[in-house]
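> Top to bottom, those sequences are chains A and B. Residues in the first sequence are numbered consecutively from 551, following the numbering used here. Residues in the second sequence are numbered consecutively from 551, following the numbering used here.
Simulated from the structure, these hints should not be mistaken for laboratory data. The reader is advised that the hints may include incorrect statements.
Copies of the same chain are indistinguishable here, so a pair counts whether it falls within one copy or spans any two.
Pairs of lysine-lysine residues, derived as DSBU-like cross-links and limited to a Cα-Cα distance of at most 30 Å, are as follows [as the list claims (entries may be wrong)]:
#, residue 1, residue 2
1, Lys-600, Lys-677
2, Lys-600, Lys-781
3, Lys-623, Lys-850
4, Lys-857, Lys-715
5, Lys-739, Lys-813
6, Lys-623, Lys-855
7, Lys-804, Lys-855
Nothing here was measured: the structure is a model prediction, and the numbers come from that model.
There are 2 protein chains.
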Amino acid sequence: MFEDRKKRTELSELGEFGLINFLTKNIVLKNSSTVKGVGDDAAVINYKGKKTLLSTDLLVEGVHFDLAYYPLKHLGYKAAIVNFSDILAMNAFPKQITVSIALSNRFSLEAIEEVYSGILLACDNYKVDLVGGDTTSSNLGLIISISVLGDAPARDIVFRDTAGKGDLLCVSGDLGAAYMGLLLLAREKEVYKSDPTMRPDLDGHDYVLERQLKPEARADIIRLLNDLQIKPTSMIDISDGLASDVLHICSGSKLGCQIYEEKIPIDPATVSTSKDFKISPTTAAMNGGEDYELLFTIKKTDYAKIKDNPALSVIGHMTEESSGVNLISASGTMVPVTAQGWDGLR
Amino acid sequence: MFEDRKKRTELSELGEFGLINFLTKNIVLKNSSTVKGVGDDAAVINYKGKKTLLSTDLLVEGVHFDLAYYPLKHLGYKAAIVNFSDILAMNAFPKQITVSIALSNRFSLEAIEEVYSGILLACDNYKVDLVGGDTTSSNLGLIISISVLGDAPARDIVFRDTAGKGDLLCVSGDLGAAYMGLLLLAREKEVYKSDPTMRPDLDGHDYVLERQLKPEARADIIRLLNDLQIKPTSMIDISDGLASDVLHICSGSKLGCQIYEEKIPIDPATVSTSKDFKISPTTAAMNGGEDYELLFTIKKTDYAKIKDNPALSVIGHMTEESSGVNLISASGTMVPVTAQGWDGLR
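One chain only, chain A, in its complex shape (with noise of 0.2 Å):
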């Protein structure tokens, strides 16, 4: 076919990022009703008084899942909670969302209904109707497309490009524990193929695995803020990890970081489990993703308004651009941040 009559790229030398940015990089939008299109968690769309959010994410079977220890209506779950979570990172609320699912004819209609269950399952629990889909064979195995709409006042919808010097760097709950329950999985996928024969050793490791298996996208954290009074100045879902998604925020308000590992919360469950894998918990925070918290940006002077709060940990502040972005260790040892978070395209 034609490509190979062209120079060929390789997209695993791009990433993820780089793909999506170099195909967008010359769209230019031609409705007034289009307030943001690509790049930001969401796009903003305005049709009259409120905005509505839209946000999308494909999960791919052998990519994002592997169903021999995945429970599909938990998979139905997540795919749903990762496109609240979209919405949610742009100080919104998820309101509907459409499901599109192909599948081919190894599953079942029971086996669809447990991933639809998770889905409506979710949908309860956050309040948002599911408003359509498409529903088609593949002989490709099983692929969830969701897209989901949400609704702000304008002046509430948080961007994750605008950070301002000095601002704190905060992040709800704690991070690294999916990457944990990710690992866990895996180690016993391993040990069944080897012995079928073996039970599973999963005992004690409840917290890491919930936090894979069935994530919660932070709702609570957006009414919190709300309650408190704060608008964040900038925020991200963590998707890909605390690096990875904090260099969006850096890249985008052209700000460096620093963030100290000491004030990275991380569940003693995670520690433990690192220990188990010679993993430190810090990395598993950095790069392993799949949190679903929310990192952002406050105003200094709402400092006072969280620091008391067990649900947020102020983890660093934003400097110049020139001073880079650097995680400062307890020994006081300054290293950059680089992306190594899970690049779905190599």
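Since chain A is already given, all that's left is putting chain B on it; use the hints.
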């Protein structure tokens, strides 16, 4: 896995629409902003003043397209067009899309650029903004998922389930050509496989090939109806074939229908190609699909406004539900219409 422990229902027993009905029958809408959810070409969402319309489609390699004869740019164009057509079929105009693509390493960057260039060309031609998306790897081939938003004043929106008894059934353009184009491409692929030195014999088939490889969505017809001051009483786009889509209007509206075979608009090029394949042109129109023409009903009193318009054909009229949905042949024979459109789940 768990599905082995339960009764197993084969997906092929339900078909695509049966599956969607089954999966969505228990959905209860929760937001007052959700005016219309699953069940039409697009969801209707009331975000103040104008309504927001949202629809989505998933295209899977090996199911919806064969890259052996489908140029990537054309594929991108078509992927966008099928979504635009869904919004137009609500008597509204598409305004924004999100594009999610999953692809394997066998595709180069230049290949994906071709897909995108087709999508962006369609966006230019129809004044639609690409506002987001997702790109990921796939072990599985190429998958394109597009979601589309449009808007319209509430009073303009036309559903598929609101036809009235005695209304005239109309169709834009002509039918069956896209299917003939598909058969032609599939035949030439077989010839090529058996002897790669053979040149494809596609001369003189420009029209049916273009209808398959570069379909258009009928925005012009929506503008025409508006100019003629006709608001259809119901409307749908013909994606699965006239038979399947007229059945949607009839079952939704709880009506029957009589379609006159000789009134179905079929291009001479379609008739000519259908002879080569020993297929009746009516069969191509009824069951071929992918024409993306608009099928709609109007009040009898609007007949004078359209009767001399070459872009529109009156092909029948709506009857009582108990009369059934029937095709009347030139000789007067009445044949019940059943859906034999392409079924993505078989």
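> So, for every hint listed, does it hold in this structure?
Hint check:
1. With identical chains, the CA atoms of Lys-600 and Lys-677 are at most 30 Å apart both within one copy (18 Å) and between copies (23 Å).
2. When the C-alpha separation of Lys-600 and Lys-781 is checked against a cutoff of 30 Å, the pair qualifies both within a copy, at 17 Å, and between copies, at 28 Å.
3. Proximity of Lys-623 to Lys-850 under the C-alpha cut-off of 30 Å is found in neither arrangement, the shortest distances being 42 Å within a copy and 50 Å between copies.
4. Within a single copy, Lys-857 and Lys-715 get their C-alpha atoms as close as 20 Å, which meets the 30 Å cut-off; across copies the closest is 67 Å, which misses it.
5. In the homo-oligomer, the alpha carbons of Lys-739 and Lys-813 never lie at most 30 Å apart, since the shortest distance is 34 Å inside one protomer and 62 Å across protomers.
6. In the homo-oligomer, the alpha carbons of Lys-623 and Lys-855 never lie at most 30 Å apart, since the shortest distance is 38 Å inside one protomer and 53 Å across protomers.
7. For a Cα distance limit of 30 Å, the shortest separation of Lys-804 from Lys-855 inside one copy, 27 Å, qualifies, whereas the shortest one across copies, 59 Å, does not.
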